[in-house]
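Undergrad: Listed below, chain by chain, are the residues.
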Amino acid sequence: MNLNEFLPTIEPENLYAPVMAEITEIKRLTSMEVFYRIELPDGAELGHQPGQFVEVSIFGVGEAPFSISSSPTHKGSFELGVRKAGMLTDVMTRLQPGTKLGIRGPFGTGVDVEKFKGKDVLIVAGGIGLVPMRSMINYVLDRREDFGRLIICYGSRSEQDLLFTDEIAKWEADPKVEFHVTVDQGGEGWKGNVGVITTLVPGLDLDLTNTACCVCGPPIMYRFVLMALKSKGLSDESIYMSLERRMKCGVGKCGHCQINSSYVCQDGPVYHYPDLKNLQEAL
Amino acid sequence: MVQFYLDAERLPAFVAHLMAQKTVIAPHAKGQKSFTFETVAEPDQVVLDYPRVMQSIRKFFLPPKEELLTFDLTENSYETTEVEPIDAIFLGVHSYDVAAVGRLDYNFSVGSPEKNYLTRRQGAVFVGVSFVPDSYHFSGSVNIRPEDPTGCDIFLTKLFEGYVLEVHTPTGEELIKGFDMPAHDAGRPATGHFQQHIYVPQTRLSEIMEQSYDNDVWAETAEQCVGCGTCNLVCPTCYCFNVDEAVDVTVTKGHRERHWDGCMLRKFSEVAGGEVFRESLAGRQRHRIFRKFKYISDTTGQPWCVGCGRCTAACPAHISIVGIVNRLISDHAQAVVAPI
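Quick note, the sequences are listed as chains E and R, same order.
The first sequence: position 95 = 95 (the working numbering), numbered continuously.
The second sequence: position 128 = 128 (the working numbering), numbered continuously.
Think of the hints as simulated: they come from the structure by calculation, not from any bench.
Mixed in with the good hints, there may be bad ones.
[Claimed, not checked] Simulated coverage check for chain R against chain E, where a stretch passes if three residues somewhere in it have a Cβ under 8 Å from a Cβ of chain E:
| # | stretch |
| --- | --- |
| 1 | 26-39 |
| 2 | 189-198 |
| 3 | 229-241 |
| 4 | 262-272 |
For glycine and all other residues, C-beta sits at the position ideal for the given N, C-alpha and C.
Construct the entire structure; sequences and hints are all you get.
TA: Structure representation (structure tokens):
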């Protein structure tokens, strides 16, 4: 038998062709992070889950993965929160509203919101980890009756590095949100918690039988947050983690994002913690 | 199975017969000791007795560099680059390289099928040829014999000064129509013995890898390894790639291109901001070996290494893939026995 008989008979789509989408709003979040609202052509919806990502490209500069920051309940556009960390993001910070970007996606496995329904939702976000977690937070807020308590722990380097400060003010004021924030270095005028994010966990009052937790932050954070959550008594099954890797193609082909046998762009970026235990390279 | 005998003297005539039907791509001598697959221009330049070609025929279906789209910077617009089927006869391919194409077919079909690869693959015809294992081949250890015709339309097995020609598919039947050869009914020989072996059946390799995650061999291999990525570059089943932008001198136009990448290179797992997720050479060696003998194999039941020996032959530090695997097997055997 010729090898060709095993090839798929369908006509494959071009996986690498971006959709040209327009930036409709740009807002500076901090000295390093910028917010973008983006609209797809013809009012198309992105159709994502909280925790998924898109590939953003600028011709002549490059393409990179970015977490989607808006909730899918928010229609008509989607949002990104981008840190200036490389060539593409550097060019992105200099764009004006009206500019068109190449968008591919959404890609990956996001938060399985069904697994969170009826439960208290605990969000642990470190630094720029708030960007993807904001999608889940706003999803819960827009479907408030589907979930129990909403507890947010957010850690940042300093007061100046806090993201989405106007939304934080709303969460702090909302009686249905338990918002805890800490900064690594408290400056003058900072009256809140000082210390790394794990210092927020011991003080939490959790219903251990009915809480689902989602964690996202810098690579160093996961192991320590995990220890804190486990010593608090949370079961492995109640923990989900969103991991960062180099998702270059987004479609399980290029190999860059692999953690052992798992493609983060397919199985992740949001993993159920028990599934991560077999992936030694994960945390 | 229809068998004929093709005398070596008539090989150029056979090549010419194939060329009259389709483009023929076959091994040619390059330099003093190397061989490479190229489009045939002169039938008598084809070499069928060769140990291995530098690059497998992967390079035709997944080119080292390829344009994905062209863009116009003044318009901020683009056009995808359409690719054409290779639609050629691949003459003189060794069984392990045919097997490797099958592995790539899987990778580019599973999940999201990829248009560029699968389009190029269309129309390929395979005329395999047996080989005599040299000191690097070990494909027998992954169930690929030197005279294994799997996947081929026609297979040639060396016998005396010529080849036993077997036709395996209707496509193969069409190809030889009108080319006169004597029938052959004496079977075909085994063409040689392997000098390199993995010492357990391939079905046990995944289980051995499972127990070998923290084996010392990774750190020891890393002591020799220079992290050059040559093993990735020459592997017929490596398919990882990166994508870059290329802007022309007018700075008004350019293209997005992909090129081969390798998991042995440090930057492979680097993200914006500088974090490298597979920083140690030991971890990268383990990832390479596990990719070949465990990760994909756990899903497909087949090793993703086809035993061509290229990575070992090309390694500037003389790191042997068979050596690593056999070391894991031997340590595993001792670990199993030790508690008694």
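Undergrad: Each of the hints needs a verdict: does it hold here or not?
TA: Verification of the hints:
1. With a threshold of 8 Å between beta carbons, the proposed coverage of the stretch 26-39 of chain R by chain E is violated, since 0 of its residues qualify and at least three are required.
2. Interface restraint, the stretch 189-198 of chain R with chain E: violated (0 residues with C-beta to C-beta distance below 8 Å; minimum three).
3. With 3 residues carrying a beta carbon less than 8 Å from a beta carbon of chain E, the stretch 229-241 of chain R meets the three-residue requirement, and the given coverage holds.
4. Under a criterion of three residues with beta carbons nearer than 8 Å to beta carbons of chain E, the stated coverage of the stretch 262-272 of chain R is upheld, 6 such residues being counted.
When the structure is compared with the earlier hints, violations turn up for hints 1 and 2 and for no others.
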